[in-house]
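> All chains should be built: construct the whole structure from the sequences, respecting the hints.
One letter stands for each residue in the lines below.
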Amino acid sequence: MVSVIINNPEWFLRIDIIFAAISILVSLIISLVSLRTWFVVKSLRYLGFAIAFAGLGFSFLTRMIANLIPGPETLFIGYGLHIGCTILALLTLFIVANKIENARVVLLLYLITLPLIFFSDSYFMSFYITTTLITALLALTYLQNALRVKGFNAICVFLAFLLLFLAHLQFLLSGFRGLNMFFISASIIQLLAFLVFLFAIIKVLRS
Amino acid sequence: MRRNKQDIIFDMLTAVQSKGGFILPTHLLYKSNLSHAKMKDYLDELMTKNVLIYMTDKGKQKIKMTEKGFKFLQSLRKLREFTEAFGI
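In the order they appear, the protein sequences are chains A and B.
My numbering puts the first residue of the first sequence at 1, with every later residue one more than the last.
My numbering puts the first residue of the second sequence at 1, with every later residue one more than the last.
Just to be clear, a hint being listed does not mean it is correct.
[As the list claims (entries may be wrong)] With a straight-line Cα cutoff of 20 Å, these simulated PhoX-like cross-link-like pairs (lysine-lysine) come out:
#1 B:Lys49 x A:Lys42
#2 B:Lys49 x A:Lys203
#3 B:Lys49 x B:Lys5
#4 B:Lys71 x A:Lys203
Think of the hints as simulated: they come from the structure by calculation, not from any bench.
Okay, structure coming up:
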């Protein structure tokens, strides 16, 4: 059974909506660039990457709608979709970034992760433990990529994933009693991560 | 590391660009590190798409990059930058 616990303070809800809108925009831009590349190269990796960022954008949209239209049902559906889309998007990013091509391994990753969260007693802890782990591994993958490529844009992308990991770690910490102010710093760091993504994609498009 | 089709075309076009947009077929063969048969296949495709054309300069046959070719190379450069930066 999914239980929804929201740790953001009331006054922060409107700011959070603006943060989410910026993240949606950045996710959409990256998704569209990847989709356009997929049309040229026809490699499924680009399609996967496009779907992953579109999924991240959609996850922010559902959370934004849940915050805009308060109510137990919208909160439940909105945050439920937010969890599902975020996990699917981050897992897809992990699969693409690590070039995992074995269909059974991919299926196993999806099948293990999603039900574990939806059938856990605390959506909050299981969701943020999972996203913290995935973003930590993504940051590690992109560190290796930056060291291999040695390009400024690759370093920016690594930095963005590192910030995303730090944000999810703080989201996790905000679930503990007395630490809910971490939710605000986590949201700011997450926004910074998406701004670094935006900077990197603008640099790529202007290269 | 094994090059894919996109890498090979990028290397070929970069070789032509580095020579100012004109290159002798033998130089292209050497710079693109391909067999004669493979290079001919890629050249045929790039000629069909009007990215490269044959021209004669001082009695020698050369390969020239078209305006479309320069734009295509620029797009390929962006694509590579995106692929490398985002580790795809």
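> Hint by hint, note whether the structure agrees.
Results for each hint:
Pair hint Lys49 of chain B plus Lys42 of chain A holds up; C-alpha atoms about 18 Å apart against a cutoff of 20 Å. Of the supplied pair hints, the one linking Lys49 of chain B and Lys203 of chain A is violated, its CA atoms being roughly 29 Å apart against a limit of 20 Å. Taking the CA atoms of Lys49 of chain B and Lys5 of chain B, the gap is about 15 Å. The hint holds against a cut of 20 Å. For the given pair, Lys71 of chain B sits about 18 Å from Lys203 of chain A by alpha-carbon distance, which is consistent with the 20 Å threshold.
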